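Enquirer: One letter stands for each residue in the lines below.
4 protein chains.
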Amino acid sequence: MNIAELQTRLRDFAAQRQWEPYQTPKNLAMAMVVEAAELVEIFQWKTAEESQALDEATRTHLGEEIADVLLYLLQIADHGGVDIEAAVERKLGMNAQKYPPVSR
Amino acid sequence: MNIAELQTRLRDFAAQRQWEPYQTPKNLAMAMVVEAAELVEIFQWKTAEESQALDEATRTHLGEEIADVLLYLLQIADHGGVDIEAAVERKLGMNAQKYPPVSR
Amino acid sequence: MNIAELQTRLRDFAAQRQWEPYQTPKNLAMAMVVEAAELVEIFQWKTAEESQALDEATRTHLGEEIADVLLYLLQIADHGGVDIEAAVERKLGMNAQKYPPVSR
Amino acid sequence: MNIAELQTRLRDFAAQRQWEPYQTPKNLAMAMVVEAAELVEIFQWKTAEESQALDEATRTHLGEEIADVLLYLLQIADHGGVDIEAAVERKLGMNAQKYPPVSR
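Residue numbers (this note's numbering), protein chains in the order written: chain A, 1 to 104; chain B, 1001 to 1104; chain C, 2001 to 2104; chain D, 3001 to 3104.
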């Protein structure tokens, strides 16, 4: 996935719709959590087992919600001055330190 | 960003900690929205303007929260059988149809 | 507001629809955050000022989302064994200690 | 629970800390969803069964999060011009129409 290219497309998309004044990191964070909750809604009444055996239509719906959250994350990073790939590597390193592997 | 490679690293990370039983899409969706809200928390008392002029420490913090949400999204997609890149392209197409550009 | 009476009504409502198997605290918490995000959605593209001057239709909509979140909170407390009024008083006391008043 | 009295106490509390400029419905909605997600966090790795058998410490923690969400709801209603009790009765009526009881 080419993050910089997607961010450019999202900027262009917003510009063509004159959405720039709305695109503050604060507003984008709100929109992102709304989409995150729509993803949660898919699973709210499902059992653990049902959530592991999604039918085709639900998988398509899930893909839409994942995309919605991801696209807002890319915009938050773009407007907030965050390098996503560097942030991901850094976080993976922090997690490895915080949670040592279980010895067997 | 190599999504498939990141998903493999996240699977290995979970396996080494014996987290597999917890990694249902339902649980991962809950964890994802918790991280999404931690990202929102950064901006809750900031004005729109302040959210557009983050200092270095806040930008680092924001990067961590973006990474947390993204890493859970990758795991939800992996365990839920979603191809993220295809879902993103599909969603961008849907958005282009739903929101026509403003003519000038 | 009579909390115990509302909780009884909500239990009866769920029983009449055979929803009891779904009413775990885990599921109710997910449903609650979904409604919380629907409330956030009302404000996501509004300025601070606009959020302080809602029109009648938006105020009605806001009331519905507030009620949705509140009704799930009552059910979580009921099924989770929490006395809401005691919890509120305890939390107000904790907040008073955590945030001392500003002297003038 | 005396909602109007609690709302007055919360207004006084905020005034004594000079928090009024931050108390827009938009900001309060963000703070509310953050607390809602902290409640979700309690249950994220628990099974359905575990969520139904909380120990004393978890029940206390749950009470704190319920109170946090509720206190923000009261403030959103207060600052947004919503009568909570009327909204709850209205919503209960809407739900009764939307979801007819199951006949046996």
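FYI, nobody ran anything at the bench for these hints, they're computed from the structure. A hint or two may mislead.
Heads up, simulated DSSO-like pairs for lysine-lysine below, C-alpha to C-alpha not over 27 Å straight-line [unchecked claim]: (1) B/Lys-1091 - C/Lys-2046; (2) D/Lys-3098 - C/Lys-2091; (3) B/Lys-1046 - A/Lys-91; (4) D/Lys-3046 - A/Lys-46; (5) B/Lys-1046 - C/Lys-2046; (6) A/Lys-46 - D/Lys-3091; (7) D/Lys-3091 - C/Lys-2046.
The structure presented is a predicted model; accordingly, all values stated were derived computationally and were not measured.
Enquirer: Which numbered hints are broken by the structure, listed smallest first?
Expert: Hint 2 is the one this structure does not satisfy, whereas the remaining hints hold.
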